[in-house]
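**Q** Each chain, written out:
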Amino acid sequence: MMETGTLAGTGKFVILPVDQGFEHGPARSFAKNAPAYDPLYHYQLAIDAGCNAFAAPLGFLEAGARQYAGSIPTILKLNNSDALLACEDPKPEVTASVQDALRLGCSAVGFTIYPGSAFRDDMYMELREISEEAKDVGLAVVVWSYPRGSGISKDGETAIDVIAYAAQIAAQLGAHIIKVKPPTDHVEQAAATKVYQEQAIPIATLADRISHVVQSAFNGRRIVIFSGGAAKGQEELMEEIRSIHQGGGFGSIIGRNSFQRPKEQGMKLLKDVMGIYAG
Amino acid sequence: MMETGTLAGTGKFVILPVDQGFEHGPARSFAKNAPAYDPLYHYQLAIDAGCNAFAAPLGFLEAGARQYAGSIPTILKLNNSDALLACEDPKPEVTASVQDALRLGCSAVGFTIYPGSAFRDDMYMELREISEEAKDVGLAVVVWSYPRGSGISKDGETAIDVIAYAAQIAAQLGAHIIKVKPPTDHVEQAAATKVYQEQAIPIATLADRISHVVQSAFNGRRIVIFSGGAAKGQEELMEEIRSIHQGGGFGSIIGRNSFQRPKEQGMKLLKDVMGIYAG
Amino acid sequence: MMETGTLAGTGKFVILPVDQGFEHGPARSFAKNAPAYDPLYHYQLAIDAGCNAFAAPLGFLEAGARQYAGSIPTILKLNNSDALLACEDPKPEVTASVQDALRLGCSAVGFTIYPGSAFRDDMYMELREISEEAKDVGLAVVVWSYPRGSGISKDGETAIDVIAYAAQIAAQLGAHIIKVKPPTDHVEQAAATKVYQEQAIPIATLADRISHVVQSAFNGRRIVIFSGGAAKGQEELMEEIRSIHQGGGFGSIIGRNSFQRPKEQGMKLLKDVMGIYAG
Amino acid sequence: MMETGTLAGTGKFVILPVDQGFEHGPARSFAKNAPAYDPLYHYQLAIDAGCNAFAAPLGFLEAGARQYAGSIPTILKLNNSDALLACEDPKPEVTASVQDALRLGCSAVGFTIYPGSAFRDDMYMELREISEEAKDVGLAVVVWSYPRGSGISKDGETAIDVIAYAAQIAAQLGAHIIKVKPPTDHVEQAAATKVYQEQAIPIATLADRISHVVQSAFNGRRIVIFSGGAAKGQEELMEEIRSIHQGGGFGSIIGRNSFQRPKEQGMKLLKDVMGIYAG
Amino acid sequence: MMETGTLAGTGKFVILPVDQGFEHGPARSFAKNAPAYDPLYHYQLAIDAGCNAFAAPLGFLEAGARQYAGSIPTILKLNNSDALLACEDPKPEVTASVQDALRLGCSAVGFTIYPGSAFRDDMYMELREISEEAKDVGLAVVVWSYPRGSGISKDGETAIDVIAYAAQIAAQLGAHIIKVKPPTDHVEQAAATKVYQEQAIPIATLADRISHVVQSAFNGRRIVIFSGGAAKGQEELMEEIRSIHQGGGFGSIIGRNSFQRPKEQGMKLLKDVMGIYAG
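Protein chains in written order, with the working numbering: chain A, 1 to 279; chain B, 1 to 279; chain C, 1 to 279; chain D, 1 to 279; chain E, 1 to 279.
One or more hints might be untrue.
Identical copies go unnamed one by one, so any copy, or any two together, can satisfy a pair.
To be verified - Okay, derived cross-link-like pairs now, DSS-like style, lysine-lysine, Cα gap no bigger than 25 Å in a straight line: (1) K271 - K91; (2) K194 - K232; (3) K194 - K263; (4) K154 - K181; (5) K32 - K194; (6) K194 - K154; (7) K154 - K232; (8) K91 - K181; (9) K181 - K232; (10) K271 - K232.
FYI, nobody ran anything at the bench for these hints, they're computed from the structure.
Modelling step: build the complete structure from the supplied sequences, incorporating the hints.
**A** In C-alpha cells, the structure reads:
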C-alpha cells in the first residue's frame, strides 16, 4: 500500500473506504450518486484517483476481486455494524475471515474496535485472533478505533484524551495502521484532565491534537490515519486535511466525501487531498 | 440451478421451498393437501412442474436424496425456527451443516438471517462460517434475509428501505442468491425517509420497489428472488409475479401457494409463474 | 435393532430404557424392585424378555458392555436431566459422546430434545453435531422428543398438535427413530386449532391420534415409537399398546412398567406387549 | 492405587487430599501446623502413613512430582473453588487438565461436581470431556459429588436421598471412584420421602445409610468413599469410620483431620483409620 | 531472567513493567517524561539500569523485539484492562498469545488474575490454557494476582489474609513467579480473622507480612515479587523495599516510579533498589 498510487513512496496514505452500504443502508449511502450502488464503481474510482488502497466488506470485494486483481491493494473489512437495531454498547458483527482476505488477494485486513463499549472484550479477543492469523500469512492489520459505548459521553467519543487513548490501545493490540477520528479539544476523563493541565499538553489547534495522537501511538512508530467523517463542504475538508498534515498525521480515509459526489468531483477531491499530503 | 427446469438458461428462477413443517408444524402445512406430508411428494412436484430447485431442511432431503439423486438441484436449509415458543427477537436454530449438504448431493445451502433481531450477531457469524465452508467446496449460498425483531416495527418488516437494506446486508455477507419479501411503499427509518424524499427514489409501484431492491443488491450483480408469501388467490399472486418480473427481479420462491393445492393445480400455478418469467 | 429379539423382522420395536436412576434418583427408580439397582439386571431383563434393544446412560452401559457384548443392541443416552433442581425451561446435560457409544459397542445413540423450551436452540445444535458424527460412524440416531417449557402449557405437553409437531421436528432434524408420548385429544395452539377443525383431522381415539403422529413424521417414512409413561395397571397399559398398534405406531419403550415389577412379572408384561405388536 | 500402601490388596482406600489451601486459604488450612504450608510435607505424610494416594491441585503436585516420582500414586484435582467470593450456586474453576496429570505422572484425575447448582450443566459437560480424555489415556476418574446450590436446602446437602442421588449421578457420569459426605437420616425431596416410607428403606443408623449409598452406586459395582469432614475429635471420627466400614463403604478421604495435627499425631490417626478398614 | 542484569545469580529480581499506556492511557502514563511515549525508551531503560527483565503488552514488544533481540529477557503481558469503562468486577481482555511470545523471543508470559471478581472463572480458565501451552514450549509463567471485585472491600484488596490467599491461588494455578501488592495489616475475612488471632500469626510489620505471604506461596518454593505501586517519594519507596527484602521477598516490579522520572533519576532509583536486594 505504501508503493501504490499518487502517494507511493511518500509514507503518506489516502484510502477509499466503502462500508456505508452495510453500516447505513444502500439508499443513504449511494442514492446521491447512483452509479455508486455498483461495487465496481468504487474499484475504478480508487484506481482513477490514485488512492493507496480500497477498503470494503466481503460482498463488495468479492464482486470485483477477479476483475481488478493486481490493479489496486485492497483491505477486507472483517467486521461491520448495521443500523437496523440501535445499541448503546456497540458490537460489530464479524462478517469475513483472514482466509477470505487471502482468497480475494487483499493486502490487509481491517477491523473495528469500540473502546468504551461493554463488549470491548469480545472485539479485542476477535482482533487478537485475526491479527495473529493475518501476521502469520503476511497481511497488514488496519484497526478502526472508535471510542463509543456506555463508558463514554457523546462528546467524549472525539475528546482528545479518549482519541489518544484509542490510538494507544490499537497500537498495543498490534495494529500496523490505526484509523481514528480527528479529535476535539474536549478532555473527557477526570484523571486525564489533571494530567493535561499539569503537563500543559498543547491541544488548542487541530494540528496540536493530531501531533499528540501520533505521539500516543508509540511516538510515531505506528501509522495513524484520520477519517473524513460525514460529507461536508470541500473547503472545510481541505482545511482539516492541512491540519492533519501539519500535525504529522500519516494520511486520510475519505469515503462519503468522495463517492457521494459525481465521479469527476470525487476524483478531484481525492487528488486535492493527495496534493496536500504530497506537499 | 441456472441450467435446470423450464427456465434453464433464462437467468430466471422458480424454486420450491418446503420448510413449513418445521416452521409452522405439520398439520398447518400439509393437512390441506394430505399427500404433502410425504417428502417425496415435494421432490416430484418440483420435478414435474419444472422448477430450478427444491429447498428443504435436513430430514426432508435425507428422505429423498438417494431416490432423486440427479433429478433436481436441491438446497439444504441449514437453519430453521419452530413456532412452539414465540420470541420478539428471533434466532433460528442451526439444524444441518455444509457437510450434510455435500453428503446429500445438494447444489446449495440456504440460511435465514433476521436483520433487526438482537441475535443478528450470532446469525451473521454462523453464516460467515457456513459461507466460507460452502464456497470452499463449491456450493452456492442462498440467504433468506427477513428483517424482524425489536429493532423494527411490524410494518417495517416489509418497508422498502428495510427490504433494500436487508438485500444489501445479505449481498455484503457474500450471498450468491438473496431471497426477500416483496416490499411495500412504507419507509421505516427516519434517516432513510429523508434520503428517499430528497433523492426522489421511485417507490410508488411494486415494480419500482423491486427495481430499487435489485439495485440495492450491488446494482443487479447479485441474484435477488422474492417469496410468494401466505397462500392467496391465484390472480393476486400472478399480478405480483408480473410486477417482480417487470421490476427486474430474478425469480420467485413459491411454497404454500403450490403445495397446499391439489397437485395438478399446484403444478399449473408454478408453470404459470414460469410462463411470466420466461415471457 | 430390527433383527434382534422376539420382534426381529417385523419392523416393530419394544425397547427397555433405564435412565430413571439419573432422571428421578435411585430410590424412586429401583427401591420397589431392589435387584434393579444393579445395571446388569437390566441387561439380563432386556435379553430374557426378547427386547429389540436396551437404552441407558453412560454409567449403566459401562458397567455391562464387556460382559454383554454381542448379546443385545444398546442405545447410549447422550443427555440426561436430574431432578435436584427444577427449571421451567428444561435443558438436559450432555453426559456422553458418540465416541463413548463406539467404545461401548452400541448400535445407536439416544438424545432428548424439549421443543418449547427456551433452550431448544442449544439442544438442536448439540443434536445436529451428534447426529452428523453418529451417521459418519454408522450409528442410528434415536430422538426422545418431549415438548416442554415456557412456550407450552402442562396440558399442551401431550396435546395432539404439539406431539405431532414434536415428531415432525425430530424427523426434520434427521432422527432415524423418534420417541414421543401418546397424545391426548387436546389441541394447544390457536393457529393449529383452526386447521384441525377446518380439515376435520380425526383425533377422537388414541388410534386416530397415533395415526396422525405417524403421518406427521414424513407420512410413515420415519420410525415413531411411544413411551409407556409412569407405572400403571397392566390392563390399562395393554389397552394403550393395542391402540398404538392399531394406529400404525412402530412400537413402545417400556421402562418403569417393566423393571419396577418383580422380574418374572416384568418379563411377562414385556412379552405381552410384544405379542400385541407381533399380532 | 489399589496396590499401594497399608491397604494394598484389600480393596479399601485411605486417601490424603490437600486442596484446602485453594478452597479456604493458606492460613485457615495450614497455620495450625505450619510445616503443612510446604507441599512436600503432604507427599511425605501420605507416604509415611501408608495412604493409597495423595490428591491435590496443580501447584502442589508440580512442587513435588519430580522428587516423589514413583513413591505414591497421585490424583490431580482438575477443578477448585476459592472462598473469596460466595455464590449460592457454586461453579468450581477448572484449574488443570488431563495432559497436566499425564505430565505429572498421576494415576487419576479428580473432579468436583455440585448436583443441585444452577451451573451443574457446565460441570457435567466439563467432566464428560475430562472423563473421556482420561479413559483414553488410562487414568482413573475420581468424582467428588457434593450436592449444593439453589435447588437444595442446607440440611439437604447431606440428606440420605440427596447423597444417594449424588452417588448415582457420579456413577452414571462414568466415575470409577465416587467421594461423598457421610449422609444424615434427613430425607429432602418430597417425591423421595414417599418412596423411603413405602419401601421402608433402612436409614436409621449411619451404617444403614452407607449401605444404601453403596447400593445406589450400581449396587456396589462402583467404589464409594467418604470424606472425614471438618477437623473433629479423634474418637468421634473413629466411630464414623467404623460405621462406614460396617455399611460396606470402600474407604475414606481424610484431609484436615490429619494434616492439621502435628505430623506424628496425623500419621497415627491415618494408621488407626486404616486399621479399621483392614479389620 | 535469573541470570541477567545486576542481580544475576542472586535469586532476586527487579523487573520493569510498562503496561500503563493500555491500563491508564498514554498521557497519564507518559506525559510526565515525554520520551517514555516511545517503546524503545523502556527497552533501553531496563537494559541500562540492569533489570532482570522488561514486561509489556504486545504492541510495545513488537516495536522493539527485533532491535533488542538478545539484549534483555522480555515478558509478554497476555491480558490487559483499559480505563475507558469502569466495572465493579474486573475482567481483563486477552490481548496476545503464547505464540506471540514465542514469535517475539520472550522468556516468559505474564497474566493478570483478579481473585474475588465475579469473572475469576474466565480468568483462571484462560490462565490454565495459557500456562499449559507456555510450559509446553518452555516459557515461564508470571502471574499478577490482584484481589478485586464484588467479593472484596476496597481495604480488603491489600489485606494480609487476602494477599496471602491470592499468592496461594496463583501458586496452585501453576505460576512460576507471582506478583502481589505489599499487604497491610488489615484482615478481611471473618473466618480468617479467627485463625490469625488463635495462631498469633505475626503481621505487625511489613517484613512480617511479606514473610507470611512468601510462606503462603508453598513455604518459599515459589518466587513472590512485589509491586511498587503509584509514584511516590523515593525514601518511602526505599523503606518499603528494605522491608520486602527483610521479609524474604524475591524482588520488585517497579514501573511508574522509574519511567515517570527523567531517565537518569529513574535509572538511579532502579539501581538503588537493586542495591538493597543485593545487600
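**Q** For each hint, tell me whether it holds in the structure or not.
**A** We went through each hint and held it up to the structure:
For the homomeric pair K271 and K91, neither the shortest alpha-carbon distance inside one copy (34 Å) nor that between copies (46 Å) is at most 25 Å. For a Cα distance limit of 25 Å, the shortest separation of K194 from K232 across copies, 17 Å, qualifies, whereas the shortest one inside one copy, 34 Å, does not. Within a single copy, K194 and K263 get their C-alpha atoms only as close as 48 Å, which misses the 25 Å cut-off; across copies the closest is 23 Å, which meets it. Only within a single protomer do K154 and K181 lie at most 25 Å apart by alpha-carbon distance; the minimum there is 13 Å, versus 36 Å between protomers.
Proximity of K32 to K194 under the C-alpha cut-off of 25 Å is restricted to the inter-copy arrangement: shortest distance 12 Å between copies versus 46 Å within a copy. Taking the shortest Cα distances, K194 and K154 sit within 25 Å of each other both inside one copy (21 Å) and across copies (23 Å). Within a single copy, K154 and K232 get their C-alpha atoms as close as 20 Å, which meets the 25 Å cut-off; across copies the closest is 35 Å, which misses it. With identical chains, the CA atoms of K91 and K181 are at most 25 Å apart within one copy only, with a shortest distance of 18 Å there and 27 Å across copies.
Proximity of K181 and K232 under a CA criterion of 25 Å is satisfied intra-copy only: 15 Å inside one chain copy versus 36 Å between copies. Only within a single protomer do K271 and K232 lie at most 25 Å apart by alpha-carbon distance; the minimum there is 17 Å, versus 53 Å between protomers.
Comparing the model with each numbered hint stated earlier shows that hint 1 is the single one that does not hold.
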